[in-house]
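> Once you have looked at the hints, place chain B on chain A.
First to last, the sequence lines map onto chains A and B.
For the first sequence, numbering that gives the first Met the number 0 gives the first residue as 0, with consecutive numbering after it.
For the second sequence, numbering that gives the first Met the number 0 gives the first residue as 0, with consecutive numbering after it.
Think of the hints as simulated: they come from the structure by calculation, not from any bench.
Just so you know, these numbers come straight off a predicted model, no measurement behind them.
Do not take every clue at face value.
Chain copies aren't distinguished; within one or between two, either way the pair holds.
[To be verified] Using 27 Å as the maximum straight-line C-alpha spacing, the simulated DSS-like pairs for lysine-lysine come out as follows:
1) LYS1 x LYS123
2) LYS68 x LYS184
3) LYS23 x LYS44
4) LYS123 x LYS2
5) LYS411 x LYS383
6) LYS114 x LYS30
7) LYS19 x LYS333
8) LYS68 x LYS123
9) LYS228 x LYS19
10) LYS30 x LYS153
11) LYS239 x LYS1
12) LYS256 x LYS23
13) LYS171 x LYS25
14) LYS369 x LYS153
15) LYS268 x LYS239
16) LYS404 x LYS228
17) LYS174 x LYS184
18) LYS338 x LYS110
Protein chains: 2
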Amino acid sequence: MKKLNIAIIGLGNIGSYLYKFLEKNKSILSKKNNCVPNIVYISAKNKRRKRNFKIKKKLWLNNYLDATKSKNVDLIVELIGGAEGPAKKLVFNALKNKKHVVTANKALIAKYGDKLSRIAERNKVNLEFEASVCGGVPIIRSLKEGLIANKINKVFGIFNGTSNYILSSMDKENKTFQEVLDKAKQLGYAESDPSADLNGQDVSAKLMILSSLCFNSFLSNNIHVEGIKEIDKEDISYAKKLGYKIKLLGYAELIGKHIYQRVHPTLIKKSSYVASIDGVLNAVIIDGTPVGQSIIQGEGAGPAATTSALISDISSILRGNTKFPFSISSQERKNLNFKKISDRSFSAYLRFEVADKPGVLSNITQIFSKNNVSIKRLVQDPNKGKRSSSIIIITHPSKDKSLNKIVHTINKRSYVKKRSKLIRIDEK
Amino acid sequence: MKKLNIAIIGLGNIGSYLYKFLEKNKSILSKKNNCVPNIVYISAKNKRRKRNFKIKKKLWLNNYLDATKSKNVDLIVELIGGAEGPAKKLVFNALKNKKHVVTANKALIAKYGDKLSRIAERNKVNLEFEASVCGGVPIIRSLKEGLIANKINKVFGIFNGTSNYILSSMDKENKTFQEVLDKAKQLGYAESDPSADLNGQDVSAKLMILSSLCFNSFLSNNIHVEGIKEIDKEDISYAKKLGYKIKLLGYAELIGKHIYQRVHPTLIKKSSYVASIDGVLNAVIIDGTPVGQSIIQGEGAGPAATTSALISDISSILRGNTKFPFSISSQERKNLNFKKISDRSFSAYLRFEVADKPGVLSNITQIFSKNNVSIKRLVQDPNKGKRSSSIIIITHPSKDKSLNKIVHTINKRSYVKKRSKLIRIDEK
Numbered sequence: 000m001k002k003l004n005i006a007i008i009g010l011g012n013i014g015s016y017l018y019k020f021l022e023k024n025k026s027i028l029s030k031k032n033n034c035v036p037n038i039v040y041i042s043a044k045n046k047r048r049k050r051n052f053k054i055k056k057k058l059w060l061n062n063y064l065d066a067t068k069s070k071n072v073d074l075i076v077e078l079i080g081g082a083e084g085p086a087k088k089l090v091f092n093a094l095k096n097k098k099h100v101v102t103a104n105k106a107l108i109a110k111y112g113d114k115l116s117r118i119a120e121r122n123k124v125n126l127e128f129e130a131s132v133c134g135g136v137p138i139i140r141s142l143k144e145g146l147i148a149n150k151i152n153k154v155f156g157i158f159n160g161t162s163n164y165i166l167s168s169m170d171k172e173n174k175t176f177q178e179v180l181d182k183a184k185q186l187g188y189a190e191s192d193p194s195a196d197l198n199g200q201d202v203s204a205k206l207m208i209l210s211s212l213c214f215n216s217f218l219s220n221n222i223h224v225e226g227i228k229e230i231d232k233e234d235i236s237y238a239k240k241l242g243y244k245i246k247l248l249g250y251a252e253l254i255g256k257h258i259y260q261r262v263h264p265t266l267i268k269k270s271s272y273v274a275s276i277d278g279v280l281n282a283v284i285i286d287g288t289p290v291g292q293s294i295i296q297g298e299g300a301g302p303a304a305t306t307s308a309l310i311s312d313i314s315s316i317l318r319g320n321t322k323f324p325f326s327i328s329s330q331e332r333k334n335l336n337f338k339k340i341s342d343r344s345f346s347a348y349l350r351f352e353v354a355d356k357p358g359v360l361s362n363i364t365q366i367f368s369k370n371n372v373s374i375k376r377l378v379q380d381p382n383k384g385k386r387s388s389s390i391i392i393i394t395h396p397s398k399d400k401s402l403n404k405i406v407h408t409i410n411k412r413s414y415v416k417k418r419s420k421l422i423r424i425d426e427k
Numbered sequence: 000m001k002k003l004n005i006a007i008i009g010l011g012n013i014g015s016y017l018y019k020f021l022e023k024n025k026s027i028l029s030k031k032n033n034c035v036p037n038i039v040y041i042s043a044k045n046k047r048r049k050r051n052f053k054i055k056k057k058l059w060l061n062n063y064l065d066a067t068k069s070k071n072v073d074l075i076v077e078l079i080g081g082a083e084g085p086a087k088k089l090v091f092n093a094l095k096n097k098k099h100v101v102t103a104n105k106a107l108i109a110k111y112g113d114k115l116s117r118i119a120e121r122n123k124v125n126l127e128f129e130a131s132v133c134g135g136v137p138i139i140r141s142l143k144e145g146l147i148a149n150k151i152n153k154v155f156g157i158f159n160g161t162s163n164y165i166l167s168s169m170d171k172e173n174k175t176f177q178e179v180l181d182k183a184k185q186l187g188y189a190e191s192d193p194s195a196d197l198n199g200q201d202v203s204a205k206l207m208i209l210s211s212l213c214f215n216s217f218l219s220n221n222i223h224v225e226g227i228k229e230i231d232k233e234d235i236s237y238a239k240k241l242g243y244k245i246k247l248l249g250y251a252e253l254i255g256k257h258i259y260q261r262v263h264p265t266l267i268k269k270s271s272y273v274a275s276i277d278g279v280l281n282a283v284i285i286d287g288t289p290v291g292q293s294i295i296q297g298e299g300a301g302p303a304a305t306t307s308a309l310i311s312d313i314s315s316i317l318r319g320n321t322k323f324p325f326s327i328s329s330q331e332r333k334n335l336n337f338k339k340i341s342d343r344s345f346s347a348y349l350r351f352e353v354a355d356k357p358g359v360l361s362n363i364t365q366i367f368s369k370n371n372v373s374i375k376r377l378v379q380d381p382n383k384g385k386r387s388s389s390i391i392i393i394t395h396p397s398k399d400k401s402l403n404k405i406v407h408t409i410n411k412r413s414y415v416k417k418r419s420k421l422i423r424i425d426e427k
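Looking at chain A on its own, in the form it has when it is part of the complex (with noise of 0.2 Å):
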């Protein structure tokens, strides 16, 4: 049977559980794929820290980068992470070296994608990256396979286990942000820094690499990234009241010759798909001619997940399948038009925290009506014994920019007691 050899780089969590699962399945996936998985090599910064299992000497490499050198090595599966330093080079030169290439590096690709896509296309080599995007849903080979035939107008979604934890546990227990965060990172939901879960920076680099898969276009990093840090248990309760959850989704749309990227927290009914998934689940929905809507659901992170995902990519190079990274060609992608949202008319949810006095209500009445927004519903919530009142307004649709504008305005007036709030609903 034939072999392909393969160097593992990057030895953490997710790298010591693929080692393992690919020497202990090497039958079945050899089986399964006409090739044998052949790791040769493997490497990683620390070879003393400590692993639950043993490095076998002769697989060791000292130096990382002469996995892209050796004549022995036909792919090379990149788990350092961050899209600069070793990674990076790490992969460029697999590719440049004509080495497969199969990475669960959001960052990278997210950043170097396209010129990574066309080294790899000149070298007819592979390189995939299912395990960069939500682990254990198989998104991007549904993208580039299973859903080929169809032109996409949408893609959204829940692409975060940790925030999508710590907002439905927000939810569930009426607690802050805080305190379900403390919890999150005792049970290994979060990480020690969170930040990038938290700032919507995670969402933003797999919402990019899914439109581009979903358009056909370059990567673009015209993108309105919002993360969760400022969803107080307030706005949760609220929403609650009004019939709805908050999420934070990423979404790519394609409205009349633009696109739109965004990832911010937002209201949706509770009674839609988006809003029944809770905890560390991923989802992603589709909408596309022919199929309609497609939904992929799983595990989103973790080591089980993502090392799924990158057994597929590693399947789909022992089978032979030579695919373009960004399902068609560099020559074939487009420059899309991606566009600012400032422009596009969204429903929002605003909370104002003001003085309990006269004259308060009408006159952010007022600033609404000057830019032209019109209110579908107040809700004004006086807070006990504090002189202060909570005013809940949902809008009719209207332009981001204007939103904002009102926001903007209100913050200055003295009766504002604390920052005011925007968060956009979306209809389903």
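Frame of chain A, contents of chain B only:
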């Protein structure tokens, strides 16, 4: 650019849609797959049937079987339907003559898939059948590729849109089976002869195919099949009161060393994911290691969704992605131990319509206890003015054969006014 010559045989709704779609999207599909999908022949039983496109004379084949002999054909798309007759002849001959085959024919694959697969493997051609199982849900490709790493222990879900539409409409609109079926026919959600959809046969064929893909086994027709015709609106309403919905589900489970295949109406908790799938949607849920639970949801039928699946198979062949039809070679597939469900345990819902007289309840509970089935909940509901009662019982997990024996025994009692009901309960 390379070309792949295609013959489409069968030009009903699906064949016609596919033909037009391929013609219209030839260029983008060529770019994505680096190979041109080139239709060289089309054929169908009746040339003169009204179609919404004009048949080009030079494409028409009078004898559809000529496509299997022509040197000018690389791939045959079979859209005739049915496990026997012309479809069978076409697919066997095509594979024997080393033509790739793409088909939407679940009945044929469920019955002859093992034989066909051996011929395809021997002749190194593809036999692809994504469109045979839940059209718009790319489940087969996901099992064979995206989730290839996984050892799967359970696959289940909603595989028939017609019956799901009927059950969910009965639930929402509080209507009888017949009322809803009539409406479904008007709306085009049920065929004029919907028996295969309603008696579970359609789900059964799909489940057999999925289960051999999941467990690397040969197809087995050891499968328990019940349809939805016996479901009354009373069952739906009692289920509702007890916190459940009734769905027609297909299940294939590996428990210990045994595989159980079953298709039947099931009571599932309202709060579960599957319960939320209403209308004509399909959803497939996979439990695997390492991936955990994966869900794929989408439109299950209709020309558009089915074409999405057919094109994904055709594209795979355009890219030269040769694969074993059932994921691993026939030599490696196993004869697993498929077992009847009579020895498996289920919780169950039972409904008895009985005369309202002393001793009945005590007799019923005695029969339960004689059969070692313990009762978890019992509701006695007198039917106003009819001197009869409904007795609803939810049991603890009990052997299927004991549950059936109870129904059988009680049905013979003179106090029984209507055939008793037994609906199994699944936990998620």
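> If you test the structure against every hint from before, which numbers come out violated?
2, 9, 11, 13 and 14
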